[in-house]
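Student: Chains A and B, in that order, are what the protein sequence lines are.
Residue numbering for the first sequence follows our numbering, starting at 204 and increasing by one per position.
Residue numbering for the second sequence follows our numbering, starting at 1183 and increasing by one per position.
Incorrect hints may have been included.
What the hints assert, rightly or not - Which chain A residues stay away from chain B? Per the calculated CB distances, all over 10 Å, these:
1) 211
2) 214
3) 217
4) 260
5) 272
6) 285
7) 290
Unchecked claim - Listed next, the in silico DSBU-like pairs over lysine-lysine satisfying Cα-Cα at most 35 Å (straight line):
8) A:206 / A:273
9) A:276 / B:1226
10) A:206 / B:1234
11) A:273 / B:1199
12) B:1226 / A:206
13) B:1220 / A:206
14) B:1226 / A:219
15) A:273 / B:1220
16) B:1220 / A:219
17) A:276 / B:1220
18) B:1199 / B:1220
Hints were generated in silico from the structure; no laboratory data involved.
The beta carbon of each residue, even a glycine, is placed where N, CA and C say it ideally should be.
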Amino acid sequence: AQKITQTQPGMFVQEKEAVTLDCTYDTSDQSYGLFWYKQPSSGEMIFLIYQGSYDEQNATEGRYSLNFQKARKSANLVISASQLGDSAMYFCAMREGTSGGSYIPTFGRGTSLIVHP
Amino acid sequence: DAMVIQNPRYQVTQFGKPVTLSCSQTLNHNVMYWYQQKSSQAPKLLFHYYDKDFNNEADTPDNFQSRRPNTSFCFLDIRSPGLGDAAMYLCATSRDWPGSQETQYFGPGTRLLVL
């Protein structure tokens, strides 16, 4: 079974609108971390935002926020006020982290976001 | 200011001709990773070093080798590249301990073309 599921292969959004990219995860660990990365066409993976499983508040970083619903095991990325430069692939990733557990991140298949004027 | 550096950014090699990709970091992180990423796919972990300990993924072909001479540098050697090895190769680092949830820092990648 996939540990990270991104069900949207592609998304389109109008400039200045908000967009939500979906991510669901599967783990039996109580302690884990969720990450979102942006990968523009140049190829570099850019860290955007992190949510810890024990964090009670949703993480925010500028225009990025993470809608964390622990019971549903979802960690959706919300981009507010989309810009043309937001066009990229977006990857959701998870690290499961109890002592002795694997620290290797698991990546989803990604969502391609296109922002049009 | 660069933290994870990969050289070269673009590499063209011939079928069967050995090639080495390099990665260096200024973060003093103890873990370094090599990923292979093909078009429109998620990065696929090839192997990683936890300090000096080498960890190979079970499905990484023997054709791929790695060296980490010191904390800062890590190399990916492809002994006999095939056409199927054409991809983006990403190096990443992180500061890790059991249970850590630190993010990975990625380099800009090396695009490998095999002719």
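Student: Among all the numbered hints in the text so far, which are the ones the structure does not match?
Tutor: When the structure is compared with the hints, only number 11 turns out to be violated.
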